[in-house]
Amino acid sequence: MTRLRAMASDVGSTPLVGRADLVAAVRATLLDDVAPGSTAAVFLTGESGVGKTRLLRELGQRLGDAGALVLTGSCLDIGDASPLHPLRQALRRLDADLAPAAAASVRALLAVFAEDATGPDGAGALLERVSRGLSVIAGGRPVVLVLDDLQWVDRTTRQLLLYLLAGLGDLQLSVLAAVRSESLQGAHPLRRVLTELRRLRSVQVLDLAPLDRAAAEQLAAAVVGRPLVAEAVEQLCQRSGGNPFVIEELSRDLRDGRDGLSDTLREVFLARVDALPQPAHRVVHAVAAGVEPVEHWLLAQVVGLPEQDLLDAVRATVSHRLVSGSHDGYRLRHRLVAEVLENELLPAERAVLHRRYAEALTSAPGELHQARLAHHWRLAGEPERALPAAVAAAEEAERLYGYAEAHRHWSVAVELAEGLPGADRAALLGHAAEAAHHCGEYARALALLEELAGTDTDHPVCELHIRRARYLAAAGRSALAEAEYQHALDAADCTPRQRATAAAHLAELLLQLGRYAEAGQRAREALTLAEQADDATTEVVLASMALGFSEAYRQDPDAGLAVLRRALATAERAGRPEDVALAYLHLAELLTGPLNILEEGVVVARRGAERVAELGLGRSYETRLLAIATNGLFRVGQWAEAEKVVAAALRHRPSGTDAVELLLARCRLSVGYGDVQAADRDLDAVATMLAGGGARHVIPLLTLRAGLAMWQGRHEVARHAVQRGLTETRSDDLVILAVLVWHGLRAEAEAKASRTVAVDDKAVRRLRQIADRVAAKSERAARPVRDVVDGYLALCAAEVSRLDVADPELWGRAAAEWDHRNHPYPAAYSRLRQAEALLARRRRTATAGKLLRQAYQMAQGLGAVPLTDEIRTLAGRARVVLEDRGPLGATAPAPAGGEELAALTAREREVLAAVAEGLTNREIGQRLFISERTIGVHVSHIFDKLQVRTRVQASAIFLRSRA
Amino acid sequence: MSERVWGPVHGDIVDLLADHPTDVPAVVDHLTKLQDMLVRLPPLLDSCPLADFNKLYLTITTSVLDGLYADRFVDPVFLSRLDVEFAARYFDALRLWTDSSPSTPKAWSCLFERMRGPDARPLPSAAAGVNAHINFDLPFALVTTFDHLESEPVDGSDQHRDYLEINKIFADKIPGLRRGYLERWQLLIDMLNGEIDDWYQGELIGYTRDVAWRNAQRIWRCRHDPHRHELERKRLDETAAALGRLLLSPLGAFLQ
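So the sequence lines, in the order shown, correspond to chains D and F.
Sequence positions in the first sequence follow my numbering and run 1 to 963.
Sequence positions in the second sequence follow my numbering and run 964 to 1219.
Hint data in this document are derived by calculation from the structure and do not stem from the laboratory.
A couple of the hints might just be wrong.
Sample of chain D residues at the chain F side, in silico, Cβ under 8 angstroms [unchecked claim]:
#1 R191
#2 R766
#3 A816
#4 D819
No more than 25 angstroms apart at the CA atoms, straight line, and that leaves these computed lysine to any residue pairs for SDA-like [claimed, not checked]:
#5 F:K1197 / D:S48
#6 F:K1069 / F:R1079
#7 F:K1197 / D:P189
#8 D:K762 / D:V805
#9 D:K850 / D:A797
#10 D:K945 / D:S955
#11 D:K762 / F:K1069
#12 D:K762 / F:R1035
#13 F:K996 / F:D1029
#14 F:K1197 / D:R872
#15 F:K1069 / F:W1176
#16 D:K752 / F:A989
#17 D:K762 / F:D1034
#18 D:K752 / D:A797
#19 D:K762 / F:E1076
#20 F:K1069 / D:R872
#21 D:K752 / F:P988
#22 F:K996 / D:V757
#23 D:K777 / F:D1034
#24 F:K996 / D:L206
#25 D:K762 / F:A989
#26 D:K777 / F:D1029
#27 D:K752 / D:R872
#28 F:K1069 / D:G241
Virtual Cβ for every residue (Gly too), placed ideally from N, Cα, C.
Build out the structure end to end from the sequences listed, making use of the hints.
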């Protein structure tokens, strides 16, 4: 084996040509430029043979030498073989390399994958445990995860990557992955993921180009061992298209005097296969039939050659560069080798190879044990032996929440069971349907269910209807789902519990469809049915939720609340933790949502959070309840408290939707505080999570991006975020649309005020049209929705006036709306604008002062820094004293500027600052709320005192004094 | 080994393609900029065959954007994602062509090759682009979009309705563009052929868009199987390329 290893490493002995800059850049991105606790990723895409694997190896080594913990794995192309396979493979490799003491933590993490799942949020808990495990193994070092052939990554690993890259694992982690670009051309899910990630600062997608002529020449010379004549280089470049793998192989032929025989890579490989001695033929065919890497012992058993003959044969395949060997086993050097070999074996010969693999693996459990067994037995043509392995592989995948992989294995099992007398095909169909439903293959789930109904004619009818309805509802096909629930209720074999289930779910469905009256009626029926059935607390909670919300929407808040409170008591009595948690969740949502009883909603959410933590549901439900509390606290203006709560919730390291909601909640606070860095970090983290899917959170993300951009004066960024949001919002999402339109109009109004960005008249026209549409539609909406929408529409109308002449009355109306709703943040903002409008008209300055002081107090109370700054600036310009005590000088910023400006009064300094901005006297007058003539007087005083004659000279002095 | 396939506007096009638009307004912006560059491309300049397609595509995408703002679609999330993903395929093809990559879809390269001349008739050029984009790109764009939105291509769904709504935009836009291309001899052919020309433009798109939906459903079923998926991709590429070559052949010019 040692000789083999030496030979195998010959593969890597060719110099890495033409990639020096890239290596340095990637190293910097993944290690040197990563702030402690942050994450980064580089995705290398390129055609096969362009040198991705080689680069990964080179980079992995360098990053390891620089002190990072490097984990290396590759994804497999036998479909969704097994969830998290590349990570598990990487850990096993690490385990093999480490000293036993250090390996303990690796083994502990590997053991996590073998354990049975617990809890309702098992998938998230698994991600959390994996990231904790990685953190222990890393022991403070940065972790680099190197993944090859990412185009074959399983869904669970994909989610893990996004989770870790979003920083949710609390781990300094970098990802270096290679993706074959050919695979991305089709409908690969990574396409979208990469498009979204590309935009983040911490992620780079590098497209590896073929080598240029000089590099190709250098590589060829290194392989051949001498410089090539120009003609040969030209020919090489043409044939290879700059692909380093092809250059290397063609150069080798050239070196060995086989030039001219092989025009294409395919011919190169064909010629080599033909040249192999007979035993080596057997080896290369065996490797091709195996799941890579094929371990040496396994190959030995499959090929069945005496030891020395086997070694010689393997040597031949390696030296002909058809197979490569590394410490974990053998692989074909290129996919083309497999294609070349494909037509060389008879089907029977191939089946024999697979049988030998299966037999050898049966006695030796290892990596991907069941999946590989199923694979080989199936291809060996022995379905009865493949079936139990497929079932075991499916169960293993389900244990790790890899429903996509499970679905695949169950489907194989269903196929295998066809015609097998002893197999329970109906049960397999049932499992396959459920797994398909869980991984979002709804149409497939429904088709499997139909097949089940056809196969097992005795299957209970009601159960089938309920399942069908569940799948249909999940697929968003509400009308059909509704009909199925109705069929379930009408079915003769429906048990009282099932009846309650169907009615409660039907009520929930109707609620989502906005058919509140029917939802309420169904919910009442469901409650009656649930009370008659045994052990139907879950149905009681669900039906009460539907009833509570439908009553709230139909303007009977007290009745709705009473129902949900009763459901909570019922759940507590029955004692099933999930029911209690759900009851708290619905109650808190009802209070903070449609009822807008924020303080009580927050109390309920926090009490619920404590209670569900006691019940052992901290990770899942506590997180969600705390998210509700955070958002409630934000709205009532208790930001400091909200900050604490969101931090507590994030300590659970939530994943998926829960994580996204909390990050958005925290980001909302950061935007309010004006903490740009923190807000940006959370926006990037959310974008990372959403790269994996989750359209419903895109709009809040865009709204926050717009809000942040406006505080930064980047109004065109805000405009763009709003535009995107408007093109991706359903017209019945009135609240979301109203918020977006307000942001859009505000961005235009701010653009106008700032004078740095031109107003987009077309955008304004469009925004006003959409505002009108929202207003018209909200007339027909339920009261709670209308209330919120009215608040935003008031802001919209007022912003529109700002684009012309700001109307203080419109702003007063907006302030009143938000005061009424008890949301101080928009109320303070409206007061600021109202005061500004009054001052601009030089009317009722006393009222303006009062409003500014109120706004100031509110903004100070919140900690809203950018808003406070704007209020201060306006107050300074209008000479309004914001705080009761102390003279003006105490609150105004200390006089800026050096000696030269010492002679100027504070007012003159303000005027000079505006002059330096290039404003005309008229514009300065508008800004400082004094007449144009008065400004003229100030300007002449300034000129006298500074002994200058032009505005340019005065400006120069001002700018110099600030430098 | 890359040559400057875009001649004097090579740098501009490379820079433009380095950015990957993620929303519909950005796609329209991209297509607009691309149009400005393509008409500066020698030797054909204003009669660049790709510019003929790009112009049509820009017009249609602008209509889609207006439709999104004007509440024309039931599921704008779906339609926006689809539009972006659809356009990404076109930009991908351009990028591969820029790199002289052998992986450039054949469906597209038969049109790209014509940029060097000889002068092609605008209508067949635009039709060849529409053919590549709809027959080859669209099914994959649909699958990626559904996959990302955790939804599925189901007949009669909101998404399907929105998808069909696009047919109307094509129907609206194409006769208008066609009139822009009217030439004297074409009038003659129109008179001789009556409805054929309309059928050729109108029906072809309606029909192929339906085929694209069916193909998306086919790909959807095998999207987890890299091998079958690749076969499907090759098949669609071959078919679209064959049709594209036909459109760009003298027969295509004759149809105009």
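These are the hints, each one checked on the structure:
no.: 1; hint: R191; result: holds, 6 angstroms
no.: 2; hint: R766; result: holds, 6 angstroms
no.: 3; hint: A816; result: violated, 30 angstroms
no.: 4; hint: D819; result: violated, 32 angstroms
no.: 5; hint: F:K1197 / D:S48; result: holds, 17 angstroms
no.: 6; hint: F:K1069 / F:R1079; result: holds, 17 angstroms
no.: 7; hint: F:K1197 / D:P189; result: holds, 19 angstroms
no.: 8; hint: D:K762 / D:V805; result: holds, 19 angstroms
no.: 9; hint: D:K850 / D:A797; result: holds, 23 angstroms
no.: 10; hint: D:K945 / D:S955; result: holds, 13 angstroms
no.: 11; hint: D:K762 / F:K1069; result: violated, 40 angstroms
no.: 12; hint: D:K762 / F:R1035; result: holds, 19 angstroms
no.: 13; hint: F:K996 / F:D1029; result: holds, 19 angstroms
no.: 14; hint: F:K1197 / D:R872; result: violated, 65 angstroms
no.: 15; hint: F:K1069 / F:W1176; result: holds, 21 angstroms
no.: 16; hint: D:K752 / F:A989; result: holds, 23 angstroms
no.: 17; hint: D:K762 / F:D1034; result: holds, 17 angstroms
no.: 18; hint: D:K752 / D:A797; result: holds, 16 angstroms
no.: 19; hint: D:K762 / F:E1076; result: violated, 39 angstroms
no.: 20; hint: F:K1069 / D:R872; result: violated, 63 angstroms
no.: 21; hint: D:K752 / F:P988; result: holds, 22 angstroms
no.: 22; hint: F:K996 / D:V757; result: holds, 21 angstroms
no.: 23; hint: D:K777 / F:D1034; result: holds, 12 angstroms
no.: 24; hint: F:K996 / D:L206; result: holds, 24 angstroms
no.: 25; hint: D:K762 / F:A989; result: holds, 16 angstroms
no.: 26; hint: D:K777 / F:D1029; result: holds, 20 angstroms
no.: 27; hint: D:K752 / D:R872; result: holds, 20 angstroms
no.: 28; hint: F:K1069 / D:G241; result: holds, 17 angstroms
Consistency note: the structure conflicts with the earlier hints numbered 3, 4, 11, 14, 19, 20.
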